[in-house]
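Take a look at the letters that make up each chain.
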Amino acid sequence: MQPLLSPEEIATQAPGDVSPNRLPAPRLFSQRAERLRALAGGHAMGDFLLFCARIADAQQQELERLVPLAPRPAADTLKRCRQHGMPPLDAQGAELPEAWFETFTQLVARLEPWSPPVLQSALMSVPGLGRSALDDLARGILRCDENPDTVIELALAPLVGAALQVTWTARALALAEHDIPAGFEDSLCPACGSHPVASIVRIGDAGHGIRYATCSLCACEWHVTRIKCVPCHNTKGIAYQALEGEEGALNPGVKAETCPECHASLKIVSMEKDPFVDAFADDLATLTLDMLVDEAGFHRAGRNLFLFTP
Amino acid sequence: MQLSRRQFFKVAAGGLTGSSLVAMGFSPTAALAEVRTFKLARTTETRNTCPYCSVGCGIIMYSLGDRAKNAHAEIIHIEGDPDHPVNRGTLCPKGAGLLDFVHSKNRLKYPEVREPGSKEWKRIGWDEAFGRIAKLMKEDRDANFVARNAEGVTVNRWLTTGFLAASASSNESGYITHKVVRSLGMLAFDNQARV
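Sequence lines, in order, name chains A and B.
Residue 0 is where the first sequence starts when you use numbering that gives the first Met the number 0, and the numbers rise one by one after that.
Residue 0 is where the second sequence starts when you use numbering that gives the first Met the number 0, and the numbers rise one by one after that.
The set of hints was computed from the structure by calculation and includes no laboratory data.
All C-beta atoms in this analysis are idealised placements derived from N, C-alpha and C, irrespective of residue type, glycine included.
Be a bit skeptical, because a hint or two may be false.
[Said to hold, decoys possible] With a Cα cut of at most 27 Å, we get these calculated DSSO-like pairs of lysine-lysine:
#, chain 1, residue 1, chain 2, residue 2
1, B, 38, A, 227
2, A, 272, B, 108
3, A, 235, B, 121
4, B, 118, B, 134
5, A, 272, B, 134
6, B, 118, B, 104
7, B, 134, B, 108
[Stated by the list, open to error] Selected chain B positions facing chain A (Cβ under 10 Å, derived; list incomplete):
#, residue
8, 45
9, 122
10, 123
[Claimed, not checked] Here are some chain A residues pointing at chain B (derived, C-beta under 7 Å):
#, residue
11, 68
12, 115
13, 240
Work out the full structure: start from the sequences and follow the hints.
Right, dumping it as structure tokens:
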């Protein structure tokens, strides 16, 4: 006769729980650069996407410099954050790390030769702007209330955003998956409290068909149940809008998830449709979808630090 | 954040509107011209429970079409719900074939009867079906109901008729089914799709 299994035996034989949170990939930015280059071919904004790929390359180099230096939060801080569901790398309330400016300077130096003339002249004025103006811009971006005073600041904002992304991704890589609060399924990142750029339906070790929201700042991912509005948690009347041209579907892996309750639209990219999708890169390559969805009455909920529209 | 064609277009000299993309020196003209050549294709995804057996696997049904505009809606794909705790996205071969079940030409849409000795299924109305079922059940129950067993103990059994209910029923319809069937004394009663 088959022996009865004890609860412990059942637990050890069961498939392990898929973690609700995912840390960024160590080669995140170079993978993103590769994806941006692939998307740029034949794209109406190919030059912009190629420049974004250059930014991502520079971000990867900077990430590799920062990862060994990134501090890990104290054990009791991590424990307290886990207990109360608070983000351990809080971006909105905490101090701006002093080192962000060095990262920004490095990115500017690397990108200067590849920049279009208008951006180059904006980069020339960086020393004249002064540290405190740039710190203010960076704090504004972290708190999602950036308010660039001039066209120059507006042009620099994506590079400030890029520097903040590297800083936070390096800090996130110093964490372990279980350090990040789990089980809240919130609309903000459980690691840093920032808004998502989009969400991604994953395949492979993350669980087939499981959806994760992708953080716009630290690139951590957190599980959100499918067919659910990420900003407001509504599950009724959710629809998916895709781009359709005369020759059929464009970017088949990208859809906008629209909610009739809060009228938000957040993109959802699917690895089932295209295994190479990157939430951040595919978002930048499908701004046409945002414009059409905007005309259909839904506002864009995704935040992309390479694109600001004050 | 708002992202409209107008905002995207350019940085005005006075009040700061537009996008960082234009402020960096990239031209959105080609992208904006292209917008007109695209339209939105709307699909929906709906959670449900597989109707086959009492395991109760979660499924997601993908549909085309805009219900609000009264257009033709059609289920185009069905797969396991990856968030469902029972099946975690998987389906058995029967569940994986649900789309064909939905679109099957042989789906039963009205009551039919095949009378004893007949080879043919005959379409009947709902009232006729209910009347016929009730009449046959009563006849059989009157003839075969066992009020007491051989020892004289009251048992109130009805063993000659069985009842097949639905495995994907809700708790509430399961409760009602149980009350109706058991109060008649019927013992053979099955909710599992093993047939």
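Determine which of the earlier numbered hints do not hold for this structure and return their numbers in increasing order.
-> 2, 3, 5, 9, 10 and 11
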